[in-house]
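J.: Turn these sequences into a full structure, and let the hints guide you.
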Amino acid sequence: DDDFRYGSITVPAITFRHVLGTDPHVSEYQVMQTARGAEILTVGRPDIDNLATSVAAALQRCGLPNPSVKIRPVARIPRNRASGKLQRFIAL
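Quick note: the sequence shown uses the working numbering, first residue 1, plus one each step.
Just so you know, these hints were derived from the structure itself, not from any lab. Treat each hint with caution, since some may be false.
To be verified - Taking lysine to aspartate or glutamate and the DMTMM-like style, the derived pairs with C-alpha atoms no more than 20 Å apart in a straight line are:
1) 70 - 47
2) 70 - 3
3) 85 - 2
4) 70 - 2
Stated by the list, open to error - Ranges of calculated distance between the beta carbons of each label pair, as one might list FRET restraints:
5) 81 - 49: 31 to 37 Å
6) 17 - 63: 28 to 34 Å
7) 90 - 60: 26 to 32 Å
8) 57 - 82: 16 to 22 Å
9) 50 - 28: 17 to 23 Å
10) 53 - 85: 17 to 23 Å
Just so it is clear, CB atoms sit at the ideal spot from N, CA and C, and this is done for glycine as well.
T.: The following block contains the structure:
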């Protein structure tokens, strides 16, 4: 299950997929849940501030008050050595 739970609030994975997957400047991403929001690795050249604001707004629509969203551009996201698959969502 890729949904994140913040106490009684559930944030469906589609919340992140919609914002990150529709940004034409993001080719890959990985979302790591934090206690108050998420840290996101992105491959590509997105507008970091605008993207963080969009993700935070989406989290607020799910009921998460004052979410903290940090986005870090990277050259590549490590994949599972055995399967070669990308773990897109990492819950606490």
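J.: Each hint: holds or not?
T.: Hint check results:
1. 70 - 47: Holds. Residue 70 to residue 47 sits at ~12 Å (cutoff 20 Å).
2. 70 - 3: 18 Å, holds
3. 85 - 2: 15 Å, holds
4. 70 - 2: Given pair residue 70, residue 2 holds - Cα atoms ~19 Å apart, limit 20 Å.
5. 81 - 49: 31 to 37 Å: Since the Cβ atoms of residue 81 and residue 49 sit about 34 Å apart, the hinted range of 31 to 37 Å holds.
6. 17 - 63: 28 to 34 Å: 18 Å, violated
7. 90 - 60: 26 to 32 Å: Given about 21 Å between the Cβ atoms, the range is violated.
8. 57 - 82: 16 to 22 Å: 37 Å, violated
9. 50 - 28: 17 to 23 Å: 18 Å, holds
10. 53 - 85: 17 to 23 Å: 30 Å, violated
Violation of the numbered hints given earlier is confined to hints 6, 7, 8 and 10; the remaining hints are satisfied by the structure.
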